[in-house]
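Q: These are the residues of each chain, in order.
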Amino acid sequence: MNKISIKDLNLYYGNGANHALHGINLDIPARQVTALIGPSGCGKSTLLRCLNRMNDLIEGVKIDGLVTLDEQDIYQNVDVASLRIKVGMVFQKANPFPMSIYDNIAYGLRAQGVTDKKTLNEVVERSLRSAALWDEVKDRLKSPAFGLSGGQQQRLCIARTIAMEPDVILMDEPTSALDPIATKKIEDLIQTLKQKYTIVIVTHSMQQARRISDRTAFFLMGDLVEHNNTNILFSTPADDRTRGYVNGDFG
Amino acid sequence: MNKISIKDLNLYYGNGANHALHGINLDIPARQVTALIGPSGCGKSTLLRCLNRMNDLIEGVKIDGLVTLDEQDIYQNVDVASLRIKVGMVFQKANPFPMSIYDNIAYGLRAQGVTDKKTLNEVVERSLRSAALWDEVKDRLKSPAFGLSGGQQQRLCIARTIAMEPDVILMDEPTSALDPIATKKIEDLIQTLKQKYTIVIVTHSMQQARRISDRTAFFLMGDLVEHNNTNILFSTPADDRTRGYVNGDFG
Amino acid sequence: MSYTLTRARKIQDTAAKALIWLGASLTVGFLLWILWYILSNGLAHVNWEFVSSDYTSIGEASGIWPMIVSTIYMVLASIGVAAPIGIMTAIYLTEYAKPGSKLVKVIRFCTESLAGIPSIIFGLFGLTFFVGVLGLGFSVLSGALTLSILILPVIIRTTEEALMAVPQSYREGSYGLGAPKIYTITRLILPSAMPGIVTSIVLSIGRIIGESAPVFLTAGMVARIPESLMDSGRTLTVHLYKLTQELYTIHEWNQAYATATVLIVVVLVINTITKLIASRFNKATY
Amino acid sequence: MQSASIDTTAVPATGTILPQSGRRRDWKEQFFKILFLLAAIIGVLSLAVIAYFIFQESLPAFAEAGVSGIVTGTEWLPPALYGILPMIVASLASTIGAVAIGVPVALLTAIFIAEVAPKWLANIIRPAVELLAGIPSVVYGFFGLIIIVPMIQEWFNVPAGNTVLAGMLVLAVMILPTVIAVSETSLRAVPKTYKEGSLALGASPMFTIFKLLVPAARSGILTGVILGIARALGETMAIIMVMGNAPAMPGSILEPARTLTANIALEMSYASGVHASALYATGIVLLVFIMMLNGTLLYLNREKAK
Amino acid sequence: SETISVSGSTSVTEVMEVLAETYQQSNKNTFIEVQGTGSSAGVKAAKNGTSMLGMASRSLKDSEKEPELKETTIARDGIAVVVNGKNPVADLTKDQIAAIYRGEITNWSQVGGESKPVVVVTRDTASGTRGAFEDIMKLKRKVNGISVSAISQRAQVGNGNGVVKTIVANNPFAIGYISLGSVDNSVKALKVDGKAASVAAVQSGDYQVARPFLVLHKDANTSDAARKFLDWVVSAEGQKVVADKGYISVL
Ligand SMILES: Nc1ncnc2c1ncn2[C@@H]1O[C@H](COP(=O)(O)OP(=O)(O)OP(=O)(O)O)[C@@H](O)[C@H]1O
Ligand SMILES: Nc1ncnc2c1ncn2[C@@H]1O[C@H](COP(=O)(O)OP(=O)(O)OP(=O)(O)O)[C@@H](O)[C@H]1O
Ligand SMILES: [Mg+2]
Ligand SMILES: [Mg+2]
Ligand SMILES: O=P([O-])([O-])[O-]
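Protein chains in written order, with our numbering: chain A, 1 to 251; chain B, 1 to 251; chain C, 1 to 286; chain D, 1 to 306; chain E, 1 to 251.
Some hints could be false.
Claimed, not checked - Okay, derived cross-link-like pairs now, EDC-like style, lysine to aspartate or glutamate, Cα gap no bigger than 20 Å in a straight line:
(1) B:LYS62 - B:ASP239
(2) D:LYS119 - A:ASP56
(3) D:LYS33 - B:ASP223
(4) A:LYS62 - A:ASP223
(5) D:LYS211 - A:ASP223
(6) A:LYS138 - A:ASP167
(7) E:LYS245 - E:ASP231
(8) A:LYS62 - D:GLU196
(9) D:LYS195 - C:GLU95
(10) E:LYS140 - D:GLU196
(11) A:LYS142 - B:GLU59
(12) C:LYS17 - A:ASP79
(13) D:LYS28 - C:GLU95
(14) D:LYS211 - A:ASP116
(15) E:LYS116 - D:GLU196
(16) E:LYS94 - E:ASP231
(17) D:LYS33 - C:GLU95
(18) D:LYS192 - A:ASP223
(19) C:LYS98 - B:ASP223
(20) B:LYS62 - C:ASP13
(21) B:LYS142 - A:ASP56
Quick caveat, the hints were computed from the structure, so don't treat them as lab data.
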């Protein structure tokens, strides 16, 4: 069953000046990990941001085509906030809020009216543990999130998103600032999460895509070149450009 | 010859509350690439920022110990701006300025009073080419840098730094947001650069450290555990913790 | 469990949104009401002759051209003195002084406190000090110096806030490139803080144009085009003040409303020009 | 500095691109640092001189009537009695009222312009609000006198509408531009990434505004509010025209009253000797009030920041 | 050309501006600069020479008098007691007016009007008008041996003829007093002790509610031109201007 389905999606930045996505067609199956790969600037983040309508916030963005979540057009008659509760997102650049570590994690729940201290404490601890950050910050939950290292901030943002237990989790290079150990933990987390949730991940690491994803889509300059079962895409790519890229002799 | 030498360096955040670097002793040889590795939050960025006194900008930071550049104490009787021209830095989080791509690159030179159009054009083009960004942005040099993708912003910041041709280049995970191809290009650049410059790089990728660095230093929770010739450190580490980390079975 | 938007939340949201619209409507409502009040009474009496001719008390001419000119002089001179001092003070406080230092706190405390001193006291001070002690006499210069002190707190504090809101990563980036402090400030920080600085200037312009007592106590009220900064001049508001304090005839009423109408146009024009000028400095693109 | 170039090809070496200007730059940096410091000193000094000027002028009155005779005296009968307690009450009441009405409206409007309104509408309202800042207080006063005062007379069925309430309403309108403009700029200066992060968590725009953006802009908003309060406390001309200025202690907000500022403006042109000095003393009391207020706000802000 | 500086009382300013302009028409190379700063400031200015001529709308206090300071009365200003046009009351005695201002009479029915509260409007103590009004109505009392105003502390205070007039015009219960020259049909002038307020009545002494307009100067601080102007002001020609403006000539 497809959780998300993208049909003929075109996206333009700068009021049409920059055609960033060219007629993308992609189905994202439920409870699987779909990886988006491709060279920097090819449109991966742009596509990801279409899935929870984050691009609405950028001025001069024009979108046409169809994106459905559970068969429902997300650009029509949809309450955007509810959509984004269902479709959570971890941004490419860690963006902690100017508040304490604890409040950062509790933020999303509080936004839904959860005020119960016990629930909040539980969720905060659980999320931080899942994101492999708990041990490092458990003694400074009340200190500002800005005092965290780059990788810690990235894990904080992951924890903040999974605290909401969304249906679909969009992750834009969630381990880019992480060391191998932390990366391993996040990858394990993704494997656990996919039993319940649908995950779309942007990654630059072929190894990572191979390790954790069920399906992979390869982008090049705004085009979706090829998408397939991860094993197939990496072993027997249909397109020359894909082969070149995954074998590392492209460009 | 040692370009930079660090002696008994201690650093505290939050007016002494958080002891982030514990008595670091490290020599950084000229015209070589030194890699700093270690798990997220161990103090790599903190150390890097000590080398061009970037930590001066953070409130409540206390430093003791000695850091010399070309045998000169950089914390005593030194013009900080001149120091930073000599010791350039690429930050962990890409931080483009709110101006056009061109102006971002030209910024550093203009700050030194370079106004000649031709020189600026040349330097901008050369720097962007070196950072493997020229082809993607050559038609939009005058558009705002905020309209770049994550990886493009990262390369922009690299270009901005090398435009200044500093003696020492500090790079905090310069390829974290880059695909393999772009990463390869930046690594090649680093190899070229090291013929003339001294480079210190923070990286999470063991492979990268192995590929490009001459010496590697391994950090753990604010301690410098071990530093050595890269080959030796990876093949026959002296410390168990180092072995565990580089073999990926740590933690 | 996956969270969904609860009904209660939705209601709260709608309520909050309604409140915001209500607040904005109230403001706009007041604004329209006052504008309508002025324009409906004044517009009919504004004509080219009124705007362009001189003013005499004998009643030969009752134009307001000299007042328009004096007002513009006053704005230029006051902003010319206060804006550089205020902005530079704010720069010193945010970029040079140690963050959170005593000095910063003391200065901030002083400026905020003095913002509440009634303007007439500034006027009396100007009358004693600039007009008297310094011997500048009743002149646009005395007025401008007095008003400069009056608006200084607003410029300092608002600019300071704007500077503090500039992301630290810009400073890091610039200093990391070895850019000199002054270059970083003029080319990166000030342009990024421009919206806040413009706000402070526009508010100050409003204050300069809108004050009466501190102006006539220092710049006087001679209804003639000042030939230099050392001449006395009557601003539109002082003129209006005089008309409203001693209204004798219906003609004066009409004049008062017409003056207020012209004043609104003058404010609009000056504000627009200010923003145009500022936008030329503001190279930063968002 | 080492001369070197990135490419092996012929490229100008560092030394030739960058002017060798260590000394001159040092000098320049130093010059500007001193210039800015000088500006700060001039700014603060001029303000200090004014404070000193008021203090000095007020001394004779304090000498004659005593601090308590002035601050706690209830009768203002120059040249015999110089009690300004009723005026302190009136100033506080009118300011508190104005702030209670004006600040929420202003904040909501600022939020509206910065976050809620479509761009075209914001672009109309913003300059309109700035226009409001340029309308002279005499006009507000006259507007109040002709429109608001008779309205109060009718609605509340009081003999005269020149009351504390009229003052509150007029002041509330008058502080709008300051509070709106400063708050709105601060809200706009909040980094976009905060908003993105919040919305991506499914927080509604309203939650984002009130729980994230407003706290992030708190310092600027507070500045706007303080400047607004100061404006209300210091406003003179408009207040004189609508509040009735009776020096007696007001029994309710539906009675006339005289504020500290009105007292100064009303009598200064005529007063001489101790009477004039007593008016400056009124100014000192005002200054002390504002300082206390600022002290409290500063303290509150620090507590909250913790 | 020569400039004559005149400053002081705002009320005197009204007539002084007209006098100055009329004078300038026949004396082209004199310019008379008139500034309204208040009576006290006018006295001070004349004493210390900041202005050649000072204006005051009240008699000098003993403390202000100096032997060299010369006083010239240039006009007298009649004062009319006014009520709202809707008020049936048309005539009051001085005693009744005084009782109203003392706060002893609080209802119009006590003086033959409707049963409505009296809204008392007075001028600021700064006004010469008020000074004269208090003198004539005997509105003085002693506190601690010092003579002070006896006008009720609850009376409304307006700071100018225009404001008092507007309050009275807008409030059916109000009573106020304004300069005779500013009376028009928006308010109703009362008869006092059966005598209508008019210029003729003031001049003949029938209507006694009036105050002097003074010009002060020291010979040492004044130019010949200034003294010549002052002489002209009290000449028949100057006094005609005074009368035309609605004030009472001193001839
Ligand atoms: N501004 C700050 N205030 C307080 N503590 C800080 C601050 N910056 C970093 N720290 C803490 O100091 C420690 C070292 O941080 P640092 O940024 O050097 O880590 P790092 O090795 O660069 O990690 P990463 O790979 O995640 O970027 C961390 O525990 C971090 O939480
Ligand atoms: N706000 C914007 N305005 C204009 N152009 C944009 C904007 N954001 C992205 N682009 C452009 O659209 C293209 C796709 O950008 P996108 O961020 O989707 O790339 P990406 O695949 O995520 O790259 P990276 O791996 O570097 O993050 C790029 O060429 C980029 O420059
Ligand atoms: Mg991206
Ligand atoms: Mg780091
Ligand atoms: O200015 P006056 O003294 O006449 O009120």
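Q: Taking the hints in turn, state whether each one holds.
A: The hints, checked one at a time:
1. As the CA atoms of LYS62 (chain B) and ASP239 (chain B) are separated by approximately 29 Å, the hinted pair breaks the 20 Å bound.
2. Annotation: proposed proximity of LYS119 (chain D) to ASP56 (chain A) holds, straight-line Cα distance about 14 Å (limit 20 Å).
3. Straight-line distance between C-alpha atoms of LYS33 (chain D) and ASP223 (chain B) comes to about 39 Å, which puts the hinted pair past the 20 Å bound.
4. This hinted pair checks out: LYS62 (chain A) and ASP223 (chain A) have alpha carbons roughly 17 Å apart, not beyond 20 Å.
5. Proximity of LYS211 (chain D) to ASP223 (chain A) is assessed by CA-CA distance (about 39 Å); at most 20 Å being required, the pair is judged violated.
6. Proximity of LYS138 (chain A) to ASP167 (chain A) is assessed by CA-CA distance (about 27 Å); at most 20 Å being required, the pair is judged violated.
7. A threshold of 20 Å between alpha carbons decides the hint, and for LYS245 (chain E) with ASP231 (chain E) the separation of about 19 Å falls inside it, so the pair holds.
8. For the hint linking LYS62 (chain A) to GLU196 (chain D), the alpha-carbon distance of about 18 Å falls within 20 Å, and the restraint holds.
9. Note on LYS195 (chain D) and GLU95 (chain C): the hinted pairing is violated, with a Cα-Cα distance of about 27 Å set against a maximum of 20 Å.
10. With a CA separation close to 71 Å, the supplied pair LYS140 (chain E) and GLU196 (chain D) exceeds the 20 Å bound.
11. As the CA atoms of LYS142 (chain A) and GLU59 (chain B) are separated by approximately 18 Å, the hinted pair is consistent with the 20 Å bound.
12. A threshold of 20 Å between alpha carbons decides the hint, and for LYS17 (chain C) with ASP79 (chain A) the separation of about 15 Å falls inside it, so the pair holds.
13. The suggested pairing of LYS28 (chain D) with GLU95 (chain C) holds, with an alpha-carbon distance near 16 Å, which does not exceed 20 Å.
14. Between LYS211 (chain D) and ASP116 (chain A), the direct Cα distance comes to roughly 17 Å. Compliance with the 20 Å bound is thereby established for this hinted pair.
15. For the suggested pair LYS116 (chain E) and GLU196 (chain D), the alpha carbons sit about 64 Å apart, so the restraint of at most 20 Å is broken.
16. Only pairs whose Cα atoms come within 20 Å are accepted, and LYS94 (chain E) paired with ASP231 (chain E) is rejected, the gap being roughly 37 Å.
17. A C-alpha spacing of about 10 Å is found between LYS33 (chain D) and GLU95 (chain C), which places the hinted pair at or below 20 Å, so the restraint holds.
18. Annotation: proposed proximity of LYS192 (chain D) to ASP223 (chain A) is violated, straight-line Cα distance about 28 Å (limit 20 Å).
19. Between LYS98 (chain C) and ASP223 (chain B) the CA atoms are separated by roughly 31 Å; this puts the pair beyond 20 Å, and the hint is violated.
20. Pair hint LYS62 (chain B) plus ASP13 (chain C) does not hold up; C-alpha atoms about 46 Å apart against a cutoff of 20 Å.
21. About 24 Å separates the Cα atoms of LYS142 (chain B) and ASP56 (chain A), which puts this hinted pair outside 20 Å; it is violated.
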